[in-house]
Structure formats: C-alpha cells, structure tokens
Amino acid sequence: MANYYLFSTGGDWDTTSLYRNGDQFPASKLYIELQTPRNDDGRPLKNGLQQGAEMTAYATSLDEGQEVAIFPGKIDLEFPTHKVSIENATPQFAIEMTRVWIDEQDVSHEVSEILINIDSERNEVEAYIVLFKPRLFGADEVATYALL
Amino acid sequence: MKRLTTLLAVFVVVLGLFAPEAFGQRGFGRSGGFGGGGFGRSSGGFGRSGGFSSPRSYSGSSGSFNRSRSSSSTFGGGSFNRSSSSTFGRSGPTSSSSGFGRSGSFGSTGRINSTSINRPPIYRDSVPTYTGYGYYGGSRVPAYGYGFFSGYSLGMLSNPWLHYAPWHPAFYYGRPMYYDGAYHAGEFSFFRLIFGIAIIVFVVWLIAKILRLIGGGGIKYTTYR
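Sequences listed follow chains E and A, in order. One point on numbering: in the working numbering, the residue at position 41 of the first sequence is 41, and numbering is uninterrupted. One point on numbering: in the working numbering, the residue at position 84 of the second sequence is 1084, and numbering is uninterrupted.
Derived by calculation from the structure, the hints in this document are not laboratory data. Keep in mind it's a predicted model, so treat the numbers as computed, not measured. Where is the CB? At the ideal position from N, CA and C, for every residue including glycine. Treat the hints with caution; some may be incorrect.
[Stated by the list, open to error] Incomplete in silico selection of chain A near chain E, CB under 10 Å: (1) S1116; (2) P1120; (3) V1203; (4) W1205; (5) L1211; (6) K1220; (7) Y1224; (8) R1225.
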C-alpha cells in the first residue's frame, strides 16, 4: 500500500509537522536526497529523472528511532515559499517513474538534485531543489530553489 | 422600257464583276491605286521614284496585283491615264509610295492559329493552374504550372539558385522541364522535403551552438527563493 506523507513548516519547529496517511507521525528526522547523473564536467544531464538517479528517502520515528521508507508513495512538502510534491508509486521503486512538482508544476524532466534534511535532534534544516534547464539558444540554466 | 431594264441589268452585272476587285484593292490601302493601271503606262514614273522599287517585289509576291494589271487594261480609259500622269508628276503619288513601304506589314498579318499545349506524360491529366514565360535558346516560350505552389518551380527559370535554398518553396519542387516548346513545372519532391528539414534543423542547431559559445560556455547558475 502506497503511503502518503504531508510535511508542513512555517519556518520554525513549532509550526513543523509531519502526517502519514492522515495521522500525525512523530518523527525526529525527515531525509530525502535525490541525485541525477552528471557528465565528466560535473554538469547535469538533460531530461532529469529519465537518465536515472539515486535517491534516499525516509523518516525517523521519534518513538522507536526506526527509519521508515517514504516510497512507494507520495509526499507533499509545504514550505513558506514553495510547495513541493514527490511521488513514486511503483512497488519496485523504479526511479524513472518518480514525479516531482514545484508549485503544481511538473519538473520531473528538469530535476537534477533534491535535498530535504529536517533533523530536530541536531537542529539542522536544509531544503533545496536544483533544476537543470537546457536552452536551445543561449546558456543552459542551473536553477536552485531554496526552500528554507 | 425593256431595253432600259436590260441595260440596267447589264450595268449591274458588270459592276458586280469588277466592283469586288476594286474594293479589294482599296482594302490593301493606297497600294491598290497603283495596281489600278499605272504599271504599264506610267512605268517611267515608277522608275524615277525610288520609293517605287518596292512595288516590284510586291507585285511579284501578290497574286492580286497580277490581276489588277489585267484589270488595268480594262480600265485603260482616259480617267486612269490622266490621273496617273498628272498625279505621278506631282508629289502625291510619291507620298503614296510610302504606302508600299507599309504594305510590308501585310506579310506579317498572317493567320494566327491557336494551339493547345502538349503536356508531358506526368501532367497528361492535369490542367495548368499557373502560366508564365521562360526563355529557351533565346526564345520566349510559355511556362505552365500544375497545382499548389508549382509556380515556385517556374520561378527557378529566372532564379536558378532557389533550387538550393531550403527556406524557399522552390527548393521542394523539381526543376522546370522543357517539353515540346514549353516549360512545365517540376513535381513536388518528398525527398527534398526531408532533406530541407534536415538542413534547417542543422542550421538552427549550428546557430544555437554558436550562440551558446558566445554566451560564455553555455551554463548559468541562478537561485530562487
């Protein structure tokens, strides 16, 4: 059964919450990392997730300290300035089937890197998404969306 | 009364016999007046006038002048004799001799026959939708186009380089073909369509590459919050 997570934060710990399938999920850490391949120069490749990727995604429960897989499933991440959604419902977790939205816009073919690290124990927060936007005319763009 | 009627009938018959010839000479313009009888008797006048050298050739090429010479014997009466001698002595006939010079144009006013074009086998069942002109061997010949955009094919008659310009519709048509006295538009070529698209894509890609190089390595970094 696919999970559905809802992470929301207003920019501080008091307004930060995580829900799993409609129920609050006490967690000490939420970690999502995605990295698509790069060429020899370290430059992202075109077509985003279509080139494959490496991904780590889990939430550490506050009670048992156990890492719980987020996928297969979907997670909505509501930040003060952006809303990000990541979904992969394939049981085998085929990375090419992962879909990423930023503010309701599908960026699956542009995403290059994702890092969501919300660690309450270490009081560390880090969240950004990097998109690679190839241009036919002019320079390609590597756009970093700072979520926090 | 009966005699008067007979004389009137004879007059009408005679008038009917000669009148058409007289009208016919008038139809040729002033040259007809010379055919009326001045040839034999006033040959000296013709000889003096340089402009009358043309009547010799004209009379030789025209059967009607030969007939008019015979008719001159019929009209050998005083009126023609007098008029020819007096008129030719003055400037009048000389000016009329220029009419012979113009009479040369009669040769060009021959019969014009309309002809339908003989189409190449590939256009045997087609109807031309575009007509123009081209030049073949220095002569102006008609040019025909068949169907959509075929006129661009004929445009290659005046601008042959269009056959090598993928951005022009003429590139996608064959060259005009010369067939039986006329140019006919070339056919649309799917091969050239594919080839043209490939060339355009390559040119766009090349321009993009150049612009990327000019843009400083082809990558820029931005941050959004």
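Structure-based check of each hint:
no.	hint	in the structure
1	S1116	violated (53 Å)
2	P1120	violated (44 Å)
3	V1203	violated (13 Å)
4	W1205	holds (8 Å)
5	L1211	holds (5 Å)
6	K1220	holds (5 Å)
7	Y1224	holds (5 Å)
8	R1225	holds (5 Å)
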